[in-house]
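So the chains spell out like this:
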Amino acid sequence: MEFALTEIQQMVLETARSFADNELLPNAAATDKTGTFPAAAVKTLAELGFLGVAVDEKWGGAGFDNLSYAIAMEEISRGCASTGVIMSVNNSLVCDPIKKFGDDFQKKRWLTPLAQGRRLGCFALSEPGSGSDAAGMRTTAILDGDDYVINGTKNWITSGKEADVCILIAHSDPSERHRGISAFIVDRQESPYGIGKVEDKLGIKGSSTTSLVFDNVRVPAVNRLGAEGMGFKVAMSTLDGGRIGIAAQALGIARIAFEEALAYSRERSAFGKIIGDFGAIREMLADMATEIDAARLLIWRAAVGKDRGENFGKHSAMAKLYASEMSARVCHKALQIHGGYGYVKEYNAERHVRDARITEIYEGTSEIQRLVIARATQVAFDTSQS
Amino acid sequence: MMDFLPNADELRIQGLARSYARGPLAERAAAHDAGAFPTASVLGLAGFGLMGIKSPVALGGLGGTNVAYVLAIREVAQVCASTAVTMAVTNMVGDMLLQFGTAAQQERWLRPLLTGAFTAGAFALTEPSAGSDAASLGTKAVLSDDGNTYALTGTKMWITSGDVAGVILVMAKTDADAGARGISAFLVDPASAGFSVGRHEQKMGLKGSSTVSLTFDGVKVPVEDRLGPEGIGFRIAMTALDGGRCGIGAQALGIAQASLDAVLASMAARKRDDRALGTDQAAAFRIADMATRMEAAWLMVLRASALKDAGQRMSREAAMAKVFATEAAGFVTKTAMGLASAADLRTDSPIGRAYRDARVARIYEGTSEVQRIVIARELVRAS
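Here the protein sequences line up with chains A and B, keeping their order. Sequential numbering from 654 applies to the first sequence in my numbering. Sequential numbering from -15 applies to the second sequence in my numbering.
A portion of the hints provided could be inaccurate.
[Unchecked claim] Among the chain B residues that face chain A by a calculated CB cut under 8 Å, a handful are:
| # | residue |
| --- | --- |
| 1 | D(-13) |
| 2 | P(-10) |
| 3 | D(-7) |
| 4 | F21 |
| 5 | F269 |
| 6 | A275 |
| 7 | T276 |
| 8 | L286 |
| 9 | F308 |
| 10 | I359 |
| 11 | A360 |
Note that these hints are calculated values from the structure, not bench results. Only a predicted model underlies this, so the values are computations on that prediction, with no experimental measurement involved. Virtual Cβ for every residue (Gly too), placed ideally from N, Cα, C.
Only chain A is shown next, with the shape it has when bound in the complex:
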């Protein structure tokens, strides 16, 4: 068994880390404070190929593997969690389904500009009345001549304000549940839809989170992604991959929280010695570092599985569940190590706590991940017994 990154993966890591150190870390606090979309950073992501990391060069992407993507996501999110989620959504939730389910016309028209960062993507599945129970959605897409007519409201859409290409999941046959759902590429220039409420969030404040309002929006039938009735499968398969991105985001947030706590523990003194030499602090730091490594290994395992074409759903659910809950624990301890300074905005510890929290919720809550993992574990056991 080998445990070493390839030259390309190492290069991706170094490129992403140096960009994060030089451009993201110095601006992350301001991005959080002002809640401004990090446009300059997103532009650089595009130049680095990080908006279509695992998209073939033929379609305008960087042509790297999914492990490279996970590595880049961790480093970028370490620099700025808001930039991280914008990157994750464009790669995992928009480029990936077009790459996997799109035809050449769709790839040429949308995948290439999305991967090159000339356009920005969003993914619309959740609704005000349906989250984990995605099949309970109400938005409809009814065929009328050569168009589908879309009606409904989508909620919690990352990059909703800035994005101009939307992967939309809607009921094309409202009389069916899962099997009546289809996926669409909605081009905001061609099929203008409304931007509803812009949410005021706990964390990742630099990314916009909005509702999208579809009121008789006409979308050409050629924009349908995959066959009619395949939308639920498109959504679930997309989220399997998305979970790798969010897990890596959670990991990046934990990394920076840990690094700052470690540095603080070497500077701050109490009772005549630096606090980093007290056993209680060292135990916390040891546990943080151990959990960070465990999460990274789960993420890399899922990414390698995806690269190999394995059924990686269980591994990506494990990675997402563990990394997001790990991130919350690590950020909590990092704030604790800072004492009072952790609670004020002079240091970054409180921001990391806020940024980490959403990773336990979006792209499948921890509860949904546990159901996926339990089911897969039971199936694996049953198979081993038969």
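For this one, chain A is given, so just place chain B on it according to the hints.
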């Protein structure tokens, strides 16, 4: 490349361990848990070379990697943790002979260890009043005036296989004033005069493995049985433990796997009784947490082992693997008790046995607390 896949040779060695474990060993595991030392099982494993997984084939080993080693330990531990720990300690002693021994020492001590001529090897570091603080050990090795023989005096404690071993690797002070640098390692023949086996400990788990105290009362050890030069005994011990920690992590995960499998089987059986426990979310969530922590822990064990195979420094990774895997096993075996049926709670049921067997993994070969000290030290060093 990052592949997370054992290579063909690693799979072959895993296959040897699996077929022995699920075959002959499975039939004797309950008897071992009732307290019968696994002599036949240990000799059976030696017959396949599994007592020296990393030792050369020419000496009776398998010439395998560290990854092959943890794969094999996990397979055996999943069926019988007592046999696994006996096997792990013997392998560890063999590894030290391989790494620090002369050709003559390897011929005399390592070959019989691998072929099964010796039932086991033992590693004697801990003492009644020196555990985590190993450098403070009090056993002395005094060199005779003619420079030919050491006399070892002291008491060692919690020694796995100490009463059945054909060779005991003993750490003793050759220079009482030099701290860790005053420790040297010796290969002791248990037939030596002045050597005696003390109390057999009654343990809550690993009941088939033997744990004894050893007393050395002026035991004569020829200088040619010193392993490595004087003063490097502590380094030998720490090297042994770095590798050993991966093995204990793998052992803990084998135990955890047995526990999880037993719970899944038990839940499936009760589901057939129409109680539908398998579809209960409270149960499902616990299963998910067990499986996730085991997977993460296993990847940590594999990483540390693969880095060791690549010749890289891995003290931090080995410590992380040990603390994470053994605590995951503690969580899994405890949670399994909560999901079990009343019958599963018998002390000799698979779930009961796993619960008892898992506990010591957080203690021996470096407690969880010592692992955290090692990790923090490495973090500060790198920062």
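Checked hints:
1. Satisfaction of the interface hint for D(-13) of chain B is found here, the shortest Cβ-Cβ separation to chain A being roughly 6 Å, below the 8 Å cut-off.
2. About 5 Å separates the beta-carbon of P(-10) of chain B from the nearest beta-carbon of chain A, less than 8 Å, and the hint is met.
3. Interface hint status for D(-7) of chain B: violated, as the beta-carbon distance to the closest one in chain A is roughly 11 Å, over 8 Å.
4. Hint status for F21 of chain B: violated, given a least beta-carbon distance of 31 Å to chain A, over 8 Å.
5. A hinted interface residue such as F269 of chain B counts as satisfied when its beta carbon comes closer than 8 Å to some beta carbon of chain A; here the least separation is about 5 Å, so the hint holds.
6. A least Cβ separation of about 4 Å between A275 of chain B and chain A falls short of the 8 Å threshold, and the interface hint therefore holds.
7. With 8 Å as the threshold, the beta carbon of T276 of chain B comes within range of chain A, its nearest partner Cβ sitting at about 5 Å, so the hint holds.
8. The interface hint given for L286 of chain B holds, since its Cβ lies 6 Å from the closest Cβ of chain A, which is under the 8 Å cut-off.
9. The beta carbon of F308 of chain B comes within 6 Å of a beta carbon in chain A, closer than 8 Å, and the hint placing it at the interface holds.
10. A least Cβ separation of about 4 Å between I359 of chain B and chain A falls short of the 8 Å threshold, and the interface hint therefore holds.
11. For A360 of chain B, the interface hint holds, the least distance from its beta-carbon to any beta-carbon of chain A being 4 Å, beneath 8 Å.
When each numbered hint is compared with the structure, violations occur for hints 3 and 4.
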